[in-house]
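Q: One letter stands for each residue in the lines below.
Protein chains: 2
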Amino acid sequence: MSKIYVIGIGPGAYDQMTGKAIRAMNESDAIIGYTVYVDLVKEYFPGKEFMTTPMKKEVDRCVLAFEEAKKGKTVSMICSGDAGVYGMAGLMYEVGVNYPETELEIIPGVTAATGGAAVLGAPLIHDFCLISLSDLLTPWEKIEARLLAAAQADFVVCLYNPSSKKRHDYLQKACDLMMKYKSPDTICGTVSNIAREGQEAHVMTLKELRDTQVDMFTTVFIGNSQTKEINNKMVTPRGYRNV
Amino acid sequence: MSKIYVIGIGPGAYDQMTGKAIRAMNESDAIIGYTVYVDLVKEYFPGKEFMTTPMKKEVDRCVLAFEEAKKGKTVSMICSGDAGVYGMAGLMYEVGVNYPETELEIIPGVTAATGGAAVLGAPLIHDFCLISLSDLLTPWEKIEARLLAAAQADFVVCLYNPSSKKRHDYLQKACDLMMKYKSPDTICGTVSNIAREGQEAHVMTLKELRDTQVDMFTTVFIGNSQTKEINNKMVTPRGYRNV
Numbered sequence: 215m216s217k218i219y220v221i222g223i224g225p226g227a228y229d230q231m232t233g234k235a236i237r238a239m240n241e242s243d244a245i246i247g248y249t250v251y252v253d254l255v256k257e258y259f260p261g262k263e264f265m266t267t268p269m270k271k272e273v274d275r276c277v278l279a280f281e282e283a284k285k286g287k288t289v290s291m292i293c294s295g296d297a298g299v300y301g302m303a304g305l306m307y308e309v310g311v312n313y314p315e316t317e318l319e320i321i322p323g324v325t326a327a328t329g330g331a332a333v334l335g336a337p338l339i340h341d342f343c344l345i346s347l348s349d350l351l352t353p354w355e356k357i358e359a360r361l362l363a364a365a366q367a368d369f370v371v372c373l374y375n376p377s378s379k380k381r382h383d384y385l386q387k388a389c390d391l392m393m394k395y396k397s398p399d400t401i402c403g404t405v406s407n408i409a410r411e412g413q414e415a416h417v418m419t420l421k422e423l424r425d426t427q428v429d430m431f432t433t434v435f436i437g438n439s440q441t442k443e444i445n446n447k448m449v450t451p452r453g454y455r456n457v
Numbered sequence: 215m216s217k218i219y220v221i222g223i224g225p226g227a228y229d230q231m232t233g234k235a236i237r238a239m240n241e242s243d244a245i246i247g248y249t250v251y252v253d254l255v256k257e258y259f260p261g262k263e264f265m266t267t268p269m270k271k272e273v274d275r276c277v278l279a280f281e282e283a284k285k286g287k288t289v290s291m292i293c294s295g296d297a298g299v300y301g302m303a304g305l306m307y308e309v310g311v312n313y314p315e316t317e318l319e320i321i322p323g324v325t326a327a328t329g330g331a332a333v334l335g336a337p338l339i340h341d342f343c344l345i346s347l348s349d350l351l352t353p354w355e356k357i358e359a360r361l362l363a364a365a366q367a368d369f370v371v372c373l374y375n376p377s378s379k380k381r382h383d384y385l386q387k388a389c390d391l392m393m394k395y396k397s398p399d400t401i402c403g404t405v406s407n408i409a410r411e412g413q414e415a416h417v418m419t420l421k422e423l424r425d426t427q428v429d430m431f432t433t434v435f436i437g438n439s440q441t442k443e444i445n446n447k448m449v450t451p452r453g454y455r456n457v
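Note that the protein sequences, when read in sequence, are chains P and U.
Its first residue numbered 215, the first sequence is counted upward by one per residue in the working numbering.
Its first residue numbered 215, the second sequence is counted upward by one per residue in the working numbering.
With the rest of the complex left out, here is chain P (with noise of 0.2 Å):
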């Protein structure tokens, strides 16, 4: 039985990992992932074997992890954030069924949604929704009806993926659709380059949002109708009396 381990490496600083993430690193041959991620680890993990496929190339990527183990290497597979939340955990069994004689353990880690979170202040404190603005895997039209639906029911909303160069207009879209039920006053932030360097947090009203440009390293964070800023942090209280 051969063993691939499915890591979440946290929002990219060393210390933002967990033991175990880097004791699985440390047990391993070869460490694979996407390039940006692997130049994130390397220095920390000299001996090791390195492989990368580009964007894109994410059901290549699994298929050399499970053909690397197959010759008897315990693979690390990386993923930024956690490696269950759009990460590779997924794929990995997908791709895994045609490779039955290898185990895998995935290893949770700081998604960018509690990762950011923290740098804003506390927006995630209650019921929140996580949603990808990304419609390169799925349609437009299911995430129209899942931010409409968040709204409504007065989610506090997390977005990952808000802009990319051909999505450049998705986070208005976005914010239009969800002043369709929340109130343009509605406390939003955002953290771009989470526990890396150029870190930086904005803290603005949803009307405010929908007119600032976002890049594909900013994570944003949408309010419910609690939520505040108490000196320029982003806070949603979960409830307590007497405050």
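It is possible that some hints are incorrect.
Identical copies go unnamed one by one, so any copy, or any two together, can satisfy a pair.
In silico DSSO-like links for lysine-lysine, alpha-carbon gap of 27 Å or less [as the list claims (entries may be wrong)]:
no.: 1; residue 1: Lys270; residue 2: Lys442
no.: 2; residue 1: Lys217; residue 2: Lys421
no.: 3; residue 1: Lys270; residue 2: Lys421
no.: 4; residue 1: Lys284; residue 2: Lys442
no.: 5; residue 1: Lys270; residue 2: Lys285
no.: 6; residue 1: Lys217; residue 2: Lys442
no.: 7; residue 1: Lys287; residue 2: Lys421
no.: 8; residue 1: Lys394; residue 2: Lys356
no.: 9; residue 1: Lys442; residue 2: Lys256
no.: 10; residue 1: Lys421; residue 2: Lys356
no.: 11; residue 1: Lys217; residue 2: Lys285
no.: 12; residue 1: Lys262; residue 2: Lys356
no.: 13; residue 1: Lys442; residue 2: Lys271
no.: 14; residue 1: Lys442; residue 2: Lys356
no.: 15; residue 1: Lys217; residue 2: Lys271
no.: 16; residue 1: Lys284; residue 2: Lys356
no.: 17; residue 1: Lys284; residue 2: Lys256
no.: 18; residue 1: Lys287; residue 2: Lys379
To be clear, the hints were calculated from the coordinates, so they are not data collected in a lab.
Assemble chain U onto chain P, guided by the hints.
A: Relative to the frame of chain P, chain U by itself:
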């Protein structure tokens, strides 16, 4: 300026904390938290002062942390999972309004949603909602509206606090609401005691989940229309073709 770290210690195992969380506790004079979680970390931080308050004494716990910091101590306020997900981060900002001389730093951790997902397989790979079934601080009508919205928009749903002594039939009620829009055959899963002694995971259908007894140490996952069972793991595909 005194300092309080608000720290997510993850699901419970020492090696599922981040390096940053461990460093912050090492740098602290006092570690404060709910009794059960302080007991989990006590042995790893000898020489620290430990202080606890019981459940439902959350406001007192925050005040205690600020009062200790006021004495010049560096304080860690610890929470299980992530401090910003149904944790103490929000309340600390709210209470902190009365302590402007104290700086808060939130240190994210692995929350039960991602920790439990890693045990079950990859249920949260795509858009999901996190909903707590506890109506201690939230009206049940609001929880109900969120459950229905989440089911209707085909989100994967992760339920926190699915049960307690007083709320023994809440999971059943939630499943009945889900079945208004989700098929009774929807793949679901439960994980108890994530990363702790007695960890247990089960994959089942929504219909079966409805009649399953869970306790307050269980996290529940309800799939979307695409979620499938692969070798007894709960896997939500992200949508890659040709797999």
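Q: If any of the earlier hints don't hold here, list their numbers in rising order.
A: Going through the list in order, the structure violates hints 2, 3, 7, 9, 12, 16 and 18 and respects the others.
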